[in-house]
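Need the complex rebuilt from these two chains, each delivered in its own frame; the hints are there to steer you.
Here is how the chains run, residue by residue.
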Amino acid sequence: MTLTELYCLLPIVITGCAALFVLLCGPLLLSSSLTAIGVTASAAAGIWAAFTAPAPIQCIPGLAFTPLAQLLIPLFSFAAALTLLLSHGYNERRILKGEEYPATVLFALFAMCVLPCATNMLILFLALESVSFAFYILVSMDLNRAESGEAGLKYLLMGAVAAAFTAFGFALIFTGSGTLALSAALARPENRAIISAGWGVLILGMAFKLSLVPAHLWTPDVYQGAPSPVAAFLSTSSKVAAAALLLILLGHFPPMAELRAPLAALSVLSMVLGNLAALRQTNIKRMLAYSSVAHMGYLALALLTGSRDGYAAVLLYGAIYTAMNLAAFGAISSLSFEEEREQITDFTGIGFTAPVRGGVLALAMISLAGIPPTAGFIGKFFIFYSALKGGLIALAIVGILSAAASAYFYLRVVAQLYMHRSEAPAPKPVGFAEGLALCAASACILIIGVYPGPLLEMVETALR
Amino acid sequence: MTSLIPILSLLIFLPLVGALLVFALRQSASAARWLALAFGAAEFVLACAPLAIDRQGTAQVGVPTGFFLYQDHGWIDRFGIRFTLGMDGISLVMVILTAFITIVAIIASWKVKERQGLYLSLLLALQGAVQGLFLSLDLFLFYLFWEAMLIPMLFLIGVWGTGRPVYSTIKFFLYTFVGSLLMLLAIIALYLMHGAQTGSYTFALPALMHTTVPYQLGLWLFGAFLLSFAIKFPLFPLHTWQPDAYCDAPVAGTLMLASLLSKTAAYGLIRIAYPLFPEASRALTPLVYVVAVLGICYFAWVAFAQRDMKRMLAYSSVSHMGFVALGIAAWSPVAVSGALMQMVNHAITTGALFVMVGMLDERAESRDLSDFGGVWGKVPVLAFFFLIFNMASAGVPGLNNFVSELIVLVGVFKVAPAAALGAFLGSVLTLIYTVRLVQEVLFGKESKPTVLAEVSLREGSVLVLLAVVVVYLGVHPGPVLDLFKAPLELLLNK
Numbered sequence: 001m002t003l004t005e006l007y008c009l010l011p012i013v014i015t016g017c018a019a020l021f022v023l024l025c026g027p028l029l030l031s032s033s034l035t036a037i038g039v040t041a042s043a044a045a046g047i048w049a050a051f052t053a054p055a056p057i058q059c060i061p062g063l064a065f066t067p068l069a070q071l072l073i074p075l076f077s078f079a080a081a082l083t084l085l086l087s088h089g090y091n092e093r094r095i096l097k098g099e100e101y102p103a104t105v106l107f108a109l110f111a112m113c114v115l116p117c118a119t120n121m122l123i124l125f126l127a128l129e130s131v132s133f134a135f136y137i138l139v140s141m142d143l144n145r146a147e148s149g150e151a152g153l154k155y156l157l158m159g160a161v162a163a164a165f166t167a168f169g170f171a172l173i174f175t176g177s178g179t180l181a182l183s184a185a186l187a188r189p190e191n192r193a194i195i196s197a198g199w200g201v202l203i204l205g206m207a208f209k210l211s212l213v214p215a216h217l218w219t220p221d222v223y224q225g226a227p228s229p230v231a232a233f234l235s236t237s238s239k240v241a242a243a244a245l246l247l248i249l250l251g252h253f254p255p256m257a258e259l260r261a262p263l264a265a266l267s268v269l270s271m272v273l274g275n276l277a278a279l280r281q282t283n284i285k286r287m288l289a290y291s292s293v294a295h296m297g298y299l300a301l302a303l304l305t306g307s308r309d310g311y312a313a314v315l316l317y318g319a320i321y322t323a324m325n326l327a328a329f330g331a332i333s334s335l336s337f338e339e340e341r342e343q344i345t346d347f348t349g350i351g352f353t354a355p356v357r358g359g360v361l362a363l364a365m366i367s368l369a370g371i372p373p374t375a376g377f378i379g380k381f382f383i384f385y386s387a388l389k390g391g392l393i394a395l396a397i398v399g400i401l402s403a404a405a406s407a408y409f410y411l412r413v414v415a416q417l418y419m420h421r422s423e424a425p426a427p428k429p430v431g432f433a434e435g436l437a438l439c440a441a442s443a444c445i446l447i448i449g450v451y452p453g454p455l456l457e458m459v460e461t462a463l464r
Numbered sequence: 001m002t003s004l005i006p007i008l009s010l011l012i013f014l015p016l017v018g019a020l021l022v023f024a025l026r027q028s029a030s031a032a033r034w035l036a037l038a039f040g041a042a043e044f045v046l047a048c049a050p051l052a053i054d055r056q057g058t059a060q061v062g063v064p065t066g067f068f069l070y071q072d073h074g075w076i077d078r079f080g081i082r083f084t085l086g087m088d089g090i091s092l093v094m095v096i097l098t099a100f101i102t103i104v105a106i107i108a109s110w111k112v113k114e115r116q117g118l119y120l121s122l123l124l125a126l127q128g129a130v131q132g133l134f135l136s137l138d139l140f141l142f143y144l145f146w147e148a149m150l151i152p153m154l155f156l157i158g159v160w161g162t163g164r165p166v167y168s169t170i171k172f173f174l175y176t177f178v179g180s181l182l183m184l185l186a187i188i189a190l191y192l193m194h195g196a197q198t199g200s201y202t203f204a205l206p207a208l209m210h211t212t213v214p215y216q217l218g219l220w221l222f223g224a225f226l227l228s229f230a231i232k233f234p235l236f237p238l239h240t241w242q243p244d245a246y247c248d249a250p251v252a253g254t255l256m257l258a259s260l261l262s263k264t265a266a267y268g269l270i271r272i273a274y275p276l277f278p279e280a281s282r283a284l285t286p287l288v289y290v291v292a293v294l295g296i297c298y299f300a301w302v303a304f305a306q307r308d309m310k311r312m313l314a315y316s317s318v319s320h321m322g323f324v325a326l327g328i329a330a331w332s333p334v335a336v337s338g339a340l341m342q343m344v345n346h347a348i349t350t351g352a353l354f355v356m357v358g359m360l361d362e363r364a365e366s367r368d369l370s371d372f373g374g375v376w377g378k379v380p381v382l383a384f385f386f387l388i389f390n391m392a393s394a395g396v397p398g399l400n401n402f403v404s405e406l407i408v409l410v411g412v413f414k415v416a417p418a419a420a421l422g423a424f425l426g427s428v429l430t431l432i433y434t435v436r437l438v439q440e441v442l443f444g445k446e447s448k449p450t451v452l453a454e455v456s457l458r459e460g461s462v463l464v465l466l467a468v469v470v471v472y473l474g475v476h477p478g479p480v481l482d483l484f485k486a487p488l489e490l491l492l493n494k
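Protein sequences appear in the order of chains D and W.
Read in order, the letters of the first sequence correspond to residues 1 to 464 in the working numbering.
Read in order, the letters of the second sequence correspond to residues 1 to 494 in the working numbering.
Isolated chain W, as found in the complex (with noise of 0.2 Å):
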């Protein structure tokens, strides 16, 4: 179905022209403020109203099928590289989710001392970027937008991390650009091959799945694409750029980096490394439910020994992402929808911890696990919320992750119940760091008697905003889940 107003052209831009706007007015912190939040919410307007337009529409002649919005424009002639955007149930949801987790990080930005105005204009070109990757349709606008995220990235952990921020944000970059442009390659190779063969050189993704690759030339290609996605996502031994580029960035750049950008990796490939290669991914699958699983356990048997809350986070997180790749592995219709799903619940519940180590870090200036103790005492609304989430991040049916994790377990657990069984203990040693966690900051006794705010409005208002989606999605997931149905069918079926 084509609209009349190009919504996913302006999902996309709106945040860019947000950001330009917002850097005009960065002397005045609160006029940036309240403009970066407006552009943020107009946004999250504009990424709901696809929900609100048929989706079962009739397939039009040059539309994929199974993409209910759909944009395409002449870009760059010689190369057949076209503007082509499309929006199908898992990119709506990707969609949503971006402009979500956005407004709560432009909340959570609201104290940024230094240069605030700059700060949040490279959160909305960020935003705007993201945007972009989950809606195009060409590769090498996907591969466009995937290594301009970097940019804005790159700024918000330099300019505003504390720790070692040079230090991480170069690291974590180039990490990145290392698989990217073998992915670049890949991509350039992928698009020779199927010019040759078809007479039609473009870099249309659906048009590129029709390409015949000999195994051996796609096992390479497939692992390029894998070693990408698998960098940014992290997967362990990949990950080492990634507590130290969590740890050092400010909250807000925190959350994009925990909630998004390892969210585009899952959909590069889910949306294009495994449609692209059938042969070559299940040649390498085993290896991934390897990664997948020894990520789940080490990485929460390493997110046990930190002392700083944030680095166990970052752990955490990275622990709980190995459902996604575990669901993605095993690629079938329940598996994969378990992963999208954990992909969601990661994000809020994620992005919510990291959120609210970031307040007690600014009120504490600690993020010293022995310096904190008795808060439950102290401060009942936070430590409620901090309770909350550190339950739905263990697991705790009732609330998000668990009914994610659990898809995951079952779609696995048919095609590799060795890996499921693994993944299971993992998440067994999840609830032993995360009762640790609790215990000691809202339990246990503090070494030296700080005295801690209770939450603010503003804040309050992002912890309800987040809980409220932690506990719907947790008893309620349906609605999300039937959104994904319709594309994973056709992916599935390629």
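If we strip away everything but chain D, and leave its shape as in the complex, we get (with noise of 0.2 Å):
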């Protein structure tokens, strides 16, 4: 191994070592202590991801510090330690005891950034998997929460169902190519069928990892059960790490004809379905489950345009839908005391007895609605760019016709926290490291959204 082959490695070594420390050494140690380490651990992940120059590891079989990953380990560090510092909180006013929680954020961190840095088929499965089984404790941990534990179970259930699915899609693949390794396969003409068979069992898998209707239905569910925190993670990393897994893989595998049908009825079902869906909610955190499903529809469109433009939408879309989606549960989570606020008309006037989360959560739903100058309305901006571009004009229509009634409902969040006479009881006073978080995220939203040239740029250069 050589230097560096290390350093390329270090975001992966760091997150795993500090994985197995806070769950080896948690029980001697403050909890606050255990997130202190998470967050930097995170961090410095994150921040030397950022910095290390892409380079082949020799000495680990199926690896290689992609320039995907130069964009991705980073931003997934970001999610992670922004779970961490708003889960801190919201722990401790749920009795979340444990260094196990801290732990398992940190593992799946790990298969996240494992995830982006593979050249290898069965590697990019494990990681994918690793994602899914850490998310399927998280989703669980609150025992006592009925719903938390139902939602862990359907999430396991359907999850395990969609891991075979992928798997399958795997194996077809490694059957028509004749070899794991990304790079040397080949999509030769007379194995195309097996192929194109693969990449559709794959899709559905994907499709239910990325909640697109039809495979949407555990969604809600589990977003409204799991631990606000964990939802903000699942919502945003979880998807991202899907996505970026089809790119990889389209990347190798050149997008087939056989794909555009079924991969367009998903999108415009999303789309459609999602924000319809979505406008009938009464429940903040399912409202926000159907919206992520309708904004995959928009990812989804992006990616059936394989064209670079639409693989740079993607990922910018993922980056951005992150920074809101963060915004979002976390001015949830941290508003979330005793109980969980979760009905939309508990947010009645919150905008002024907490002005720091109801001006977050106020942000971020119009950040989600797509509107100017936040960052939602740059990646909405680029992804029909890139529809209209790849000629998908019917599409981009449908499209941007439902992305204009879901405005509706993210407007009824805003209106709820500022528009109605009577007031909430004003809610205890923010944390340092929820305000934080909440911070931190809001100011994503808010720069990208007035000056989005740095990060077009990353995403540029991940694609190279």
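For the record, the hints were derived by calculation from the structure and aren't laboratory data.
Since this is a predicted model, take the numbers as computed values, not measurements.
Where is the CB? At the ideal position from N, CA and C, for every residue including glycine.
It is possible that some hints are incorrect.
As the list claims (entries may be wrong) - Label pairs and their in silico Cβ distance ranges:
1) Tyr7/D to Leu490/W: 56 to 62 Å
2) Ala49/W to Ala443/D: 30 to 36 Å
3) Tyr167/W to Ala146/D: 35 to 41 Å
4) Tyr201/W to Leu29/D: 51 to 57 Å
5) Lys111/W to Arg280/D: 38 to 44 Å
6) Arg280/D to Arg164/W: 17 to 23 Å
Set out below in structure tokens:
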């Protein structure tokens, strides 16, 4: 192992070691120091990855520090660090003690760091399933709430089926290409049928991970049942990881004509049904779940273009969506005390009684609706730009109209926060860690919204 | 001409900074008020500053012709999006108008009871966005301001509104948003087409004007622009958000909506939609004529049926906007300069009337026509101003609206005599409801006696300001019309 290789592996090493350390030494340490260790390790891994040049790694087969990893590891680390910061206060209020929580978050991050580095289908699959495995635990972590266990079980059962589909898809592609190594894999013309069958099955599995209609049914229940910080992490990083897996595969197996129709159907159904279903929700976490279905529909739209612009739009939207949903779920989690604050009517007047958290939630809603000058607008612009450039005019029009309808349910939350006379009693002041996380997420939303240049450049580099 | 001070950026960012500072000072209402007023005044001075510079200067390299102030900075290189601002005669007048109306709005909000600092801060933010819209020469930037405008307005109506504010504000938002998003697609399509034709991907408005758009596609793209602008305008039959939003908004909110936001739509048509798609716009002109004339007559007729004064004015406002649409549709120098003049006059007159209804509402806590009567005898000064602004709105010669409506009619008569005739009949209907309003409120018999207070110094100063402009533009509109001449020549000869 050369020094360069060690440098490239360091983010993975840091997160893995931090996870083990927290698990082993957890009982001896205070919960706040565990959070601090987790946040530091995530930040270190992210910053290190951002400033390390991409290079191959010879000593471990199936891994390389790719340009994609250089973008995604910082993104995942950012999400993990914010999740840990948000969980600190939340877990204390909910009496969720123990080192297993930060350790599991770090394990999830570890697997996420491996995923974009994979150059081998097996590693890719293992990384993806390790991410899901960590989330099965995290979702059902809150033993005091029955919904949490229920959500965990639902997620596990559906996830197992999806994992089977994914594995079968990989197996078929392997049969068609004859090797697990992505760089050596060739989609030979005589094997076209079997590879496209593999793709079809794989897309079914991925549709579950991305919660695209009709594989979205788990999403609202899991988001509702999971502890809010976990929902934040789940709705952002796990989706981005799944999208990254598709991007990696698409880079080696060029998109096939057979894929277009099913992917187009998934995209349209998700955009339309996701937004329509969200219109009728009274529970904000369920509403955000359906909204995430719709947003993944936009992602699928960009994937469908099969162009570099489309893939860049996927990555950019993934990054922006991470910031937006962390802010939204973060605000909800920091406003939840003895009980989860999840009905939209529970937020009446919060914009004035808790200005920071209410403001962050409103900002997240405005950004999710895609209104400038927030990051959500830039993301939506890029998605529809790539769709029009790729010639998907009808899909773009359907998508943009459903996006217009979505403004209604996002604004309903904003209206609840600011525009109703009766006010809910003022919530307790926000803790330092949660405040920090909320500020970081909203700063990202605003900065990307007015100055997206640097992020666009990073996305371009990641696809090189 | 590029000046040493970046006036154009300042025009946008000064109100935004003001908004932040006022927000920071929101705990002390009086400090917030005075600070907001100071920023409003500073913005007005800044807006008038270009009047003093040489506007005939020779064209410089890289500056589109006709723009005497120009700024261009790189912004999002990936898409060739630039922060490009330019000012010609049309934008200059709109910028001054925006600064003036905002001052009126700030003074009219002097007595807002709840969260006044936040209210004024949103007003200033809205002003910044509107100024940006009038100045931007990059289509992406224009769109950004076009949508960003909605956020402060959403809160102004929703938080401080009366009646059913949440319903009205969300309705307003959704209507506008649907149109805007389709316009966004059209903008992207135009950008891609221009890029494919010339190889340079840019959102710069002057460059995009040289795009060759196939006729059929042009109709769709122009349709998207027209839809978006027609909703904000609002043109018949896309107006249903408007009476609710105007009625339920607080005074300054209605003022900004009626006087400025509707003008942004007209400005968009003149600056962007018509020049970008000359063929398509010509093809759809009959449609615009029909909705404009229908609007003038129908809304005047509906206004006549209203008992709520604010709702009546809302319909009256959109009826008068029909003249703007009519002038744009004719697309001749006379008609468009009439339309632009009507934009200014409508902003002043309708704004003044909404302010006055706000004053009456504040005093009598009612906007119902039947609750008023004999105002002339009780508060003569207030009644005098009410009469002046109503006369202006009805189109009495010597006051501002007469001039612009006449120019529009003359301009339109040359190209579409039937439309001009229809609009003329509409203005007779205007006379009917205005006379009824004045008659009932000022001279009618009171159903229940209410005590009204005479105008205060603060209110008086606003009314005098507005009345001076009404009379001045009525007798001497020349200087403003001169400002429109050069840019219109350039726009119409495209």
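Going down the list of hints, with the structure as the test:
For the pair Tyr7/D and Leu490/W, the beta carbons lie near 59 Å from each other, so the given range of 56 to 62 Å is met. About 35 Å separates the C-beta atoms of Ala49/W and Ala443/D, a value consistent with the hinted range of 30 to 36 Å. The hint said 35 to 41 Å for the Cβ distance between Tyr167/W and Ala146/D, and at roughly 37 Å that hint holds. Between Tyr201/W and Leu29/D the CB atoms are about 55 Å apart, so this pair conforms to the stated range of 51 to 57 Å.
Taken as a hint, the range 38 to 44 Å holds for the pair Lys111/W and Arg280/D, whose Cβ atoms sit roughly 41 Å apart. The given range of 17 to 23 Å is respected by Arg280/D and Arg164/W, whose C-beta atoms sit roughly 21 Å from each other.
No hint from the list above goes unmet by this structure.
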